[in-house]
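Those sequence lines, one after another, are chains A and B.
So the first sequence is numbered by this note's numbering: it starts at 42 and just counts up by one.
So the second sequence is numbered by this note's numbering: it starts at 234 and just counts up by one.
Any given hint might turn out to be false.
[As the list claims (entries may be wrong)] Computed from the model, here is a short list of chain A residues facing chain B with C-beta under 7 Å:
#1 Met201
#2 Asp202
#3 Tyr203
#4 Ala206
#5 Leu209
#6 Gly211
#7 Glu221
#8 Pro224
#9 Asn225
[Said to hold, decoys possible] Computed beta-carbon distance windows for the label pairs:
#10 Pro224(A) - Arg574(B): 33 to 41 Å
#11 Ile152(A) - Asp322(B): 52 to 60 Å
#12 Gly215(A) - Tyr648(B): 40 to 48 Å
#13 Tyr390(B) - Ile152(A): 34 to 42 Å
#14 Ile152(A) - Arg574(B): 43 to 51 Å
#15 Ser146(A) - Tyr648(B): 30 to 38 Å
#16 Ser282(B) - Ser146(A): 37 to 45 Å
#17 Ile152(A) - Leu323(B): 50 to 58 Å
#18 Gly215(A) - Ser582(B): 14 to 22 Å
#19 Leu51(A) - Glu651(B): 25 to 33 Å
#20 Ser146(A) - Glu651(B): 36 to 44 Å
#21 Ile152(A) - Ala625(B): 48 to 56 Å
#22 Thr249(B) - Pro173(A): 49 to 57 Å
What the hints contain is simulated information worked out from the structure, not anything from laboratory work.
Here a beta-carbon is modelled for each residue, glycine too, at the ideal position from N, C-alpha and C.
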Amino acid sequence: MFKNIPISALIGLFFTGLYFFIAIFAPWIAPYGMAEAVGDVWEPSSAKHWLGTDSIGRDLLSRMIYGGRTTIFIATAATILSFTLGSCLGLLAAVMGGWVDQAISRFVDLIMSIPTLIFALVVLSVMPVTIPVLILVMGLLDSTRVYRLSRAVAVDINVMDYVEAATLRGEGRGWIIFREILPNALSPLVAEMGLRFIFAVLFVSTLSFLGLGVQPPGADWGGIVKENKDGIVYGIPAALVPAFAIATLAISVNLVADWILNRTTSLKGGRG
Amino acid sequence: MSDPLLKVCGLKIDATVYPPDAKPHQIKIVHGVDFELQKGKVLGLIGESGAGKSTIGLSALGYGRGGVELTGGEVWVNGRDILQGGIADLRKLRGAEVTYVAQSAAASFNPAKKIMDQVVEASVSQGKFSRSDAEAKARLLFAKLGLPDPDNIGSRYPHQVSGGQLQRCMTALALCPEPDLVVFDEPTTALDVTTQIDVLAAIKEAIRDTGVAALYISHDLAVVAQVSDDIMVLKMGEMVEYGPVDQIINTPQEEYTKALVSVRSINNEEKTPTAPILSAKNITARYKGTKFDVLHDVSIDISPGQTLAVVGESGSGKSTLARVITGLLPPKDGSTDFAGRTLSPDQPSRTKEDLRELQMIYQMADVAMNPRQTVGTIIGRPLEFYFGLKGAEKHKRINELLDEIEMGDGFIDRYPAELSGGQKQRVCIARALAAKPKLIICDEVTSALDPLVADGILKLLLNLQKREDVAYLFITHDLATVRAIADSIAVMYQGKVVRYGAKSEVLSPPFDDYTDLLLSSVPEMNLGWLENVIATRKMESAGN
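Produce the entire structure from the sequences given, and follow the hints as far as they go.
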């Protein structure tokens, strides 16, 4: 199947894979410890420190690797949570219809009417900021978007004759949701998952930059930008390194998502 | 003979295909077709789906649909080879010299613009007429095509007129710029027989009066025979037979043409009714949130192992009756007895046994099967669900069923997308049979299929009925199908059963007005049928 993958998707797959690999094996790859001060403040890049050092003399490459681990872990967990919750509720609402659909949908509308970032800031300012809380808050907020999409897709599928045929056979709701509707709703959901993941990366980076995300000395990409932002004035590029990492990860995941979307929504199977 | 208006020589057309797990490549869909069309003549193009009819028709406008490429040959219109000119030349041709009437007028009109704006658009933008002249011309055409209130119908939106009327508006659209050639692409296929006849008569008269030449594309030979001077029979992008209409209908030379002419040759002995397996009594039904009854006091009986055909045009309540019987729409009034028990009116409260013995087959086989399940899963699920079959036992039964529907066991791992239209419908039949039902509701099961394929499905259904002793409630708008397979017939009109009884009684005179209209509207394979019917019928279709 790899023969038909367009070059852009291959690039995306390669970089996404690389980032995930580094995130998983961070302790073995990073040359120094995460919070170890090993040099002067803002040293330029050298053979010893490939990306130089940060605002208090820690090795920037190691910080980036550990930071990537935290960022990608939080984003992945939040995405999985939002998809499980959002798509289960969305499919259920579509199949049940009536007041169940109304109740869930209006509740989701209510949450979506509050700007996500402000909502998260308020919640995080009254809760202890730990990684599980971050994941929970992000996952719940994102699940509203997933709910909207999965419900819309499932409502379309729910009126197909094959679903009616299953109903007439006497199948239960579980079979109809998981065997008839879900397999047909999967492609748009998977494509959306890529985009949602990137939004989660941006979201956790934003929160950390604002000081409500991952707390020091823990590293994450948004936090590294925050720690080193003062250096920009003196021509120190340390803050741009995590920005670059966020941008490349976003682009590569989007290349993959585009490819999946193209493959699954186009009538020509995405090869046109 | 003068120079032909349209001359096509050695036309070759390729299309790009995108097979799963292989590189996209080009296939030939039209292999060198030649024909000529004189001014004021009509050429009928006929063939089954995939024969290349529409593709050839569109080539007269120098157009290929997405992925389609005109790779060879010449298309001469008014003495110019239009394939040689650039897009600017084609733009002058389309909508001025050659115009097009699409199959589905409802999908082709812009719903946001009034009909008149769309009808005169081409004439005005091509600079043929001024806006007011074009509108006057359009009104004349509306009147000629028999549209009600021709002076004002143009100020309506497309959704405010019926399907048959909209199709005639589209014909007016095509004729308005006074073209030399009109391409009609299955203009009556999406319409009811009773509406089709009016549209057909209108088109025929308009062609005669304006002296325009036409390419008339259809899969229904009987329809083409009414309007054409010459007929070209196509199969898989190749010409099978080409000749005057009289010769094609009366003395076809090729085997394929003979098959098309003699289609629906099934004969089924009518059986005498016995104690009914299903009887619906005084059913009155309406849809939730509406204020009128879709069914009024409908009563029907079906004898075991026999076929009741329910006929009527769209909107007559045929499918609603099926929904009431299956319990998807609980009736407002009335009850249904099935196999000696009274069925619960709503489906969720029926027993598994009731559900098993009452199966359904749908019109569109592609959407009646889950595209992500294999044939084995689709047929195997009822076996597992009703009889608890598993593993080798289930596999054996699936193969038996595949044999019954005349498909080999090689199909067990295929997905619906890898089947042809006829095969898909066969798999749906197998799925219904798997439940060992006493009654199968067949909702327009052959109307989406080509005539020869539909014939095969009907023969299969009849064979299965003999072997399995299953009864059919056969919903259709096609009287030829009814003649072929029914034992008794219920004719429905506006939610009521207007005529009901054994086939021989229902189909023999004296007729009530509606049955007469319905019977006479079925296109017959003889010349002059259209004029005859229009002259002698008693009432018009409800669609007008």
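| task | Could you work out which earlier hints the structure fails to respect and list their numbers in ascending sequence? | result | 12
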